[in-house]
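Asker: Sequence:
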Amino acid sequence: MDYSMKLLYQSNYWYNDGLKKANIRDLSGAITSLRRSLQYNRANIAARNLLGLVYYGRGDIGEALVEWILSKNFQSHENISNYYIQKLQETPGELDGLNQAIKKFNQALGYARQNGEDLAIIQLKKVVAAHPTFVKAYQLLALLYLQTEQYSKARQCLRIAHKLDTTDDITLRYMHELNQVRKSKNARIKEKDAEEQQQTVTYNIGNETIIQPVSSSFKEHTGLHTVVNIAIGVLVGVAVMWFMIMPAINASRQDKLNKQTVAFSDQIATQKAQISALKKELEDYRSTSEETENAKATATSTQESYEIVMNISKHYSAKDMSDDAMLDELLKVNAESLGTVGRERFDEITGELYPKMCENLYSTSKNNFEVANYDTAISNLERVMQMDEGYSDGGAKLLLAQSYEKKGDQDKANIEYQKIIEDYPNTEAAAGAQEALDAQKAGGDKKDDGQTE
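Numbering (numbering that gives the first Met the number 0), first residue to last: 0 to 452.
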């Protein structure tokens, strides 16, 4: 079997595995399988679209958009990702609302870092209300409830997160921690009930069960003889207590105090370890949130750049748009974010348009420089730099530096002169830049000599 066919079979196998897991809400497992599918075949449109849907089901809208836009770049026509992107865009305010929810999530992370659990919880309640499938928000809210010992609310949040994604590692770990807390709490309740039972006496009379407190009082006796015996017994008891029992009681108290001290020390150490673990979890959430923001920014840039290229391509073919207007739009494109089809079309248009516009703007800038219109010259030359920084073997950059100098911005001029010397050695532009720097140095030396005289 051909090696490429083996790769396609492996990709389809993992896609089918991811589809099965997604159908039973095993979203974490589905993400792992679909990523493997794309490792074998990055152009597997079905796997990439399904991965976007899985991310969307977890509330990770930024990652979902990235996958759908990449899918659109691989296959621009008859691709269901176009429908997904359109549905997100056509709902007024939905993307803006999701963006606000992510900002509030990040703000809640900041509050949690500053020990402001109450403010963080308030923000996260708003997040899950506006974005009810955001698994990470439910997880962070449950973590804060655990930290503030609101166990019933933590359990409710974890149930929702588990329903959204049944195999998420973080959710399962938090549920395990919550069960451990519940077991510890039940053990303490049983110990307390046992202590209360020891303080009562239970006995049966016929068919009835009598429960009464343990009596600690002595029966009162009458009679002089009894009173004397009691008095003697009290004196003997006091003496025995003072000389024999009190040291044992003091030793017992000291031993109990030592045990309590050890127990408190262990408890404090345990709480410190839990706090450290919680802080680490919060740091993980912060890093994950930053990755989400970066992915969303990349997706937005990719979409905008792709749309600009497709729009300019139509106008370029129809010749119904001026070269200057098309140049303004093309300079906004992030070429590195384009897919294969988009990049090919971008290179095709700019390969014809950029040289022609560089020549026109460079010629116009020379005329502007001659009539001392330095602002316009700088504006035109900066556009030339965006298209071809080394145009005319550094001649355009030299004219830009000279325009800066004539305008009075000597620092910018010197930076450009130095770049020309380093990047375009043995050229007329480099010779002109060196001559300009030497002239400045000579002028400075003459000024110093005049002051000395």
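Mixed in with the good hints there might be a few duds.
What the hints assert, rightly or not - Each computed SDA-like pair below joins lysine to any residue, with the alpha-carbon atoms no more than 25 Å apart:
no.: 1; residue 1: 5; residue 2: 40
no.: 2; residue 1: 411; residue 2: 350
no.: 3; residue 1: 411; residue 2: 440
no.: 4; residue 1: 124; residue 2: 180
no.: 5; residue 1: 331; residue 2: 384
no.: 6; residue 1: 365; residue 2: 431
no.: 7; residue 1: 278; residue 2: 436
no.: 8; residue 1: 124; residue 2: 95
To be verified - Pair by pair, the computed Cβ-Cβ distance ranges are:
no.: 9; residue 1: 424; residue 2: 363; range: 25 to 35 Å
no.: 10; residue 1: 2; residue 2: 363; range: 47 to 57 Å
no.: 11; residue 1: 158; residue 2: 350; range: 28 to 38 Å
no.: 12; residue 1: 73; residue 2: 313; range: 14 to 24 Å
no.: 13; residue 1: 388; residue 2: 323; range: 14 to 24 Å
no.: 14; residue 1: 1; residue 2: 323; range: 42 to 52 Å
no.: 15; residue 1: 388; residue 2: 363; range: 13 to 23 Å
no.: 16; residue 1: 330; residue 2: 94; range: 39 to 49 Å
These are calculated hints, taken from the structure and not from any lab test. Every residue gets a Cβ at the ideal spot worked out from N, C-alpha and C, and that includes glycine.
Asker: Does each hint hold? Answer for all of them.
Answerer: Structure-based check of all given hints:
Pair hint residue 5 plus residue 40 holds up; C-alpha atoms about 10 Å apart against a cutoff of 25 Å. Restraint check for residue 411 and residue 350: not satisfied, since their Cα atoms lie roughly 30 Å apart, outside the 25 Å limit. Using a Cα cut-off of 25 Å, the hinted pair residue 411 and residue 440 holds, with the two alpha carbons roughly 16 Å apart. Restraint check for residue 124 and residue 180: the C-alpha separation of about 24 Å stays at or below 25 Å, so the hint holds.
For the given pair, residue 331 sits about 14 Å from residue 384 by alpha-carbon distance, which is consistent with the 25 Å threshold. About 15 Å separates the Cα atoms of residue 365 and residue 431, which keeps this hinted pair within 25 Å; it holds. Simply put, residue 278 and residue 436 have alpha-carbon atoms about 56 Å apart, too far for the 25 Å limit, and the pair is violated. Taken as a hint, the residue 124 and residue 95 pair is honoured in the structure, with Cα atoms around 18 Å apart against an allowance of 25 Å.
Here the CB-CB span from residue 424 to residue 363 is close to 28 Å, well matched to the stated 25 to 35 Å. Roughly 56 Å separates the CB atoms of residue 2 and residue 363, a value that falls within the hinted 47 to 57 Å. The hint said 28 to 38 Å for the Cβ distance between residue 158 and residue 350, and at roughly 58 Å that hint is violated. Restraint check, residue 73 to residue 313: a C-beta distance of roughly 21 Å satisfies the suggested window 14 to 24 Å.
Restraint check, residue 388 to residue 323: a C-beta distance of roughly 20 Å satisfies the suggested window 14 to 24 Å. In this structure the hint that residue 1 and residue 323 lie 42 to 52 Å apart at CB holds, the actual value being about 51 Å. Between residue 388 and residue 363 the beta carbons are some 18 Å apart, a value that agrees with the proposed interval 13 to 23 Å. At about 26 Å, the CB distance of residue 330 to residue 94 disagrees with the hint of 39 to 49 Å.
In this structure, the earlier hints numbered 2, 7, 11, 16 are contradicted, and the remaining ones agree with it.
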